[in-house]
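Here is how the chains run, residue by residue.
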Amino acid sequence: MRLCLCLWVLAFCILASDLGALADVRSLISKDLFEQILKHRNDAACQAKGFYTYEAFVNAANSFGAFATTGDTNTRKREIATFLAQTSHETKGGWATAPDGPYAWGYCFKQERGNPPDYCVAYQQWPCAADAVANDATLSFKTAFWFWMNPQSPKPSCHVVITGQWQPSTTDTQAGRSPVMGSPPTLLTAAKNAAKVPTQKWRIGSDSTRDNVKFWELTLAVTWTGLKSQVAEQSGESKMGKIPPSLRSLVSANSLIRTPLQTEKSQRHHFLKKRPSRKQQRKDSDDSLETKRIPSLFKSPELSEAKELFNSFISTKKIPPDRPFHNSLLQSYSLMSTVDDSISFLHHMIKTNPSFSPDHATYHILLSLACKAPESDLSPVHKTLNLMKNAGFEPNQGTTDIAVRSLCSDNRVDDAVELVKELSLKKSPPDMYTYNFLVKCLCKCRVLSTVYGFVDEMRSSFDIKPNLYTYTILIDNVCNTKNLREATRLVSVLNESGFKADCFVYNTIMKGYCMLSKGSEVIGVYKKMKEEGVEPDLVTYNTLIFGLSKSGRVVEAKKYLKIMVEAGHFPDAVTYTSLMNGMCRKGDALDALALLEEMETRGCSPNSCTYNTLLHGLCKSRLLEKGIELYGMMKGGGVKLETASYATFVRALCRVGRVAEAYEVFDYAVESKSLTDVAAYTTLESTLKWLRKAKENGNMV
Amino acid sequence: MLPQGVKKTITDNPKKLANLIDLVNLPSTLRDFVGQSQISRLGCFMRVWSYIKTNNLQDPNNKNVVNCDKKLKSILMGKAAG
Numbered sequence: 001m002r003l004c005l006c007l008w009v010l011a012f013c014i015l016a017s018d019l020g021a022l023a024d025v026r027s028l029i030s031k032d033l034f035e036q037i038l039k040h041r042n043d044a045a046c047q048a049k050g051f052y053t054y055e056a057f058v059n060a061a062n063s064f065g066a067f068a069t070t071g072d073t074n075t076r077k078r079e080i081a082t083f084l085a086q087t088s089h090e091t092k093g094g095w096a097t098a099p100d101g102p103y104a105w106g107y108c109f110k111q112e113r114g115n116p117p118d119y120c121v122a123y124q125q126w127p128c129a130a131d132a133v134a135n136d137a138t139l140s141f142k143t144a145f146w147f148w149m150n151p152q153s154p155k156p157s158c159h160v161v162i163t164g165q166w167q168p169s170t171t172d173t174q175a176g177r178s179p180v181m182g183s184p185p186t187l188l189t190a191a192k193n194a195a196k197v198p199t200q201k202w203r204i205g206s207d208s209t210r211d212n213v214k215f216w217e218l219t220l221a222v223t224w225t226g227l228k229s230q231v232a233e234q235s236g237e238s239k240m241g242k243i244p245p246s247l248r249s250l251v252s253a254n255s256l257i258r259t260p261l262q263t264e265k266s267q268r269h270h271f272l273k274k275r276p277s278r279k280q281q282r283k284d285s286d287d288s289l290e291t292k293r294i295p296s297l298f299k300s301p302e303l304s305e306a307k308e309l310f311n312s313f314i315s316t317k318k319i320p321p322d323r324p325f326h327n328s329l330l331q332s333y334s335l336m337s338t339v340d341d342s343i344s345f346l347h348h349m350i351k352t353n354p355s356f357s358p359d360h361a362t363y364h365i366l367l368s369l370a371c372k373a374p375e376s377d378l379s380p381v382h383k384t385l386n387l388m389k390n391a392g393f394e395p396n397q398g399t400t401d402i403a404v405r406s407l408c409s410d411n412r413v414d415d416a417v418e419l420v421k422e423l424s425l426k427k428s429p430p431d432m433y434t435y436n437f438l439v440k441c442l443c444k445c446r447v448l449s450t451v452y453g454f455v456d457e458m459r460s461s462f463d464i465k466p467n468l469y470t471y472t473i474l475i476d477n478v479c480n481t482k483n484l485r486e487a488t489r490l491v492s493v494l495n496e497s498g499f500k501a502d503c504f505v506y507n508t509i510m511k512g513y514c515m516l517s518k519g520s521e522v523i524g525v526y527k528k529m530k531e532e533g534v535e536p537d538l539v540t541y542n543t544l545i546f547g548l549s550k551s552g553r554v555v556e557a558k559k560y561l562k563i564m565v566e567a568g569h570f571p572d573a574v575t576y577t578s579l580m581n582g583m584c585r586k587g588d589a590l591d592a593l594a595l596l597e598e599m600e601t602r603g604c605s606p607n608s609c610t611y612n613t614l615l616h617g618l619c620k621s622r623l624l625e626k627g628i629e630l631y632g633m634m635k636g637g638g639v640k641l642e643t644a645s646y647a648t649f650v651r652a653l654c655r656v657g658r659v660a661e662a663y664e665v666f667d668y669a670v671e672s673k674s675l676t677d678v679a680a681y682t683t684l685e686s687t688l689k690w691l692r693k694a695k696e697n698g699n700m701v
Numbered sequence: 001m002l003p004q005g006v007k008k009t010i011t012d013n014p015k016k017l018a019n020l021i022d023l024v025n026l027p028s029t030l031r032d033f034v035g036q037s038q039i040s041r042l043g044c045f046m047r048v049w050s051y052i053k054t055n056n057l058q059d060p061n062n063k064n065v066v067n068c069d070k071k072l073k074s075i076l077m078g079k080a081a082g
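If you read the protein sequences in the order shown, they are chains A and B.
Position 544 of the first sequence, counted from 1, bears residue number 544 in the numbering used here, the numbering being contiguous throughout.
Position 68 of the second sequence, counted from 1, bears residue number 68 in the numbering used here, the numbering being contiguous throughout.
If you're looking for bench data, these hints aren't it; they were derived computationally from the structure.
On a predicted model such as this, the values are computed, not experimentally measured, just so you know.
Where is the CB? At the ideal position from N, CA and C, for every residue including glycine.
Heads up, some of the hints might be wrong.
Short, incomplete list of chain A residues facing chain B, as computed with Cβ under 10 angstroms [claimed, not checked]:
1) Phe393
2) Glu394
3) Gly657
4) Arg658
5) Val659
6) Ala660
7) Tyr663
8) Asp667
9) Val670
10) Asp677
11) Val678
12) Tyr681
13) Thr682
14) Glu685
Listed next, the stretches of chain B that the computed footprint assigns to chain A, with coverage defined by at least 3 CB atoms under 8 angstroms from CB atoms of chain A [stated by the list, open to error]:
15) 41-51
16) 54-67
Please build the complete structure, drawing on both the sequences and the hints.
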């Protein structure tokens, strides 16, 4: 058990290493000056009275060769001044109205004030380094110098900044780090801003675990990119909202995502079926582009090089100079260049090879590029559209579709809306697919009133009415925001508009109730479906069983499992997992385990979600042995662990003192890439901390 | 609940995460062990744990205890593990 303790402590023992002595700072700062700058440091009120001596300072400074030996005398003096200002600021004992101002009271303290009792745990063999530092002035200065001289990634060292050797990279400039050379006060700010390395923090190096935490924070700027991706991952999970962790795994991997996905897929399927040949046609041209595209054809976005390359193609005549070939050339060039360059390239192609006549697809390539252009307004899009018109191609529905999809994929929904309105005025209104796509994008990132506003405007201005799929999208959206009343209203609007709610609509509403754990309403929707003569499908049953399990009505859920089988549906892994989850939540983990066997005998193979649900349930019901057995199976089958089940399992293992096994689980989680090492380690660490706390409180065996 | 708690700390407090994955300068003793001058706390943990595993330092009677060898002792501030 101590192992973990050791590991916590281990990262904290950071001591200044000895470095060779070189030049002497005494020539740059005299004892008198030193005394003057730090006038009150030996005042009786100071803890560090008589501690920070000039000699100690000189000794320590000399052991850092590069300190105050870089640049001309002024630069050197400046470095010393800044160093003293900085460090004295961090150890200052002065108050705002103190005689000579607070800064003259620098070097008043040598240790962290108000030491908490567990500040540093001294071991017999290894006394706290803090004491060593606090009692040895040279060492104390040395620690400060060490911090001064060494870069604190990603920030440069103070030394480098002050001596002007450091030039900020672009990222530095963005982060507000810039070398400001000037009078000492500015310099001090510059040093602080540039390095943000208060010397005070250095104490940590020697002090204690407690302060080390600060030390780590201090160097925190680090790899923001890596961090961002982490955070993004985390927030991705947090989107799951308030679903209890026991369910989250299930929800995320299976039911919820699956349910809407299936709905969506089927809808899309609908869409595709009804999609006119236009889409197909465009697809064809896209396909031909795909097949003929040569990814590394253009080496640079230079227009002249591209033209040369094209000319060489034309002169060799090795390749059929047909339209798809030209389009694919344009496509691959547009991937790496700007709108203007691509347009010039197109003009060049037309001029050099008169047999090539551009078609809609050609201009659509330019259009999708224009939609992704970095400009914040629609000017490149308009430019392309005008070009298209001048060439005799009126924008058609395909044009609208491409523009809307490109804009939405770039998160420019408002621009897309604007463009749709514009194009509708110019007699090329969007078709229902484009329209529904846009409504869906709006739902995702705008408030409901905006969506309604758009729908209303399209209806009143251009006579584009929402259809069944539009309503399904809207209902799905309000259900996701738990606004079931609005969903019910939409269903009635839907009926009034002459549409009949189909299976998808009901499934969507049912899912909404599931998320609120309203079991009776879920059954209500099911009954309504029966009344209306809508035949429930597999998704309906899965949602139903999931909702009932979630609201703790396992017995009824089992009943519907039977009904489902009678209706001729084959329950799948989702069905069983939902049911198991319900059982586990009620504490019947053994029943759930029995269900696993039943499931396997019926020829339905469990997925990772099933295993995770079970593992979670078993650990929760304190059936650790069974859990370990199951874990063995999972490990054998290479099943990934999920966050919730991993955490519960690790906790269960630690609780009974099997820390080493918990470490092995950690290894497996990282190896199998179930979790990021950060997530896995955070869980492990907090579990061990919790364990230690519990032990201290005497709650543990 | 633990998983919720962890998630919350990470999303609410990127500093906590940063303190785990930020690179820091190491003192000479650790530098020798790790073989590089900067490492994150997580990396350090992984390094030591894999060292323990590859050298079979876990006590065969009680896996929770690690019998430190010389190298490990030098970095663990000599705290007798176990």
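To see whether the hints hold, each was checked on the structure:
no.: 1; hint: Phe393; in the structure: violated (49 angstroms)
no.: 2; hint: Glu394; in the structure: violated (50 angstroms)
no.: 3; hint: Gly657; in the structure: holds (7 angstroms)
no.: 4; hint: Arg658; in the structure: holds (8 angstroms)
no.: 5; hint: Val659; in the structure: holds (5 angstroms)
no.: 6; hint: Ala660; in the structure: holds (4 angstroms)
no.: 7; hint: Tyr663; in the structure: holds (7 angstroms)
no.: 8; hint: Asp667; in the structure: holds (8 angstroms)
no.: 9; hint: Val670; in the structure: holds (8 angstroms)
no.: 10; hint: Asp677; in the structure: holds (6 angstroms)
no.: 11; hint: Val678; in the structure: holds (6 angstroms)
no.: 12; hint: Tyr681; in the structure: holds (6 angstroms)
no.: 13; hint: Thr682; in the structure: holds (5 angstroms)
no.: 14; hint: Glu685; in the structure: holds (8 angstroms)
no.: 15; hint: 41-51; in the structure: holds (count 7)
no.: 16; hint: 54-67; in the structure: holds (count 5)
Checked against the numbered hints listed earlier, the structure breaks hints 1 and 2; every other hint is satisfied.
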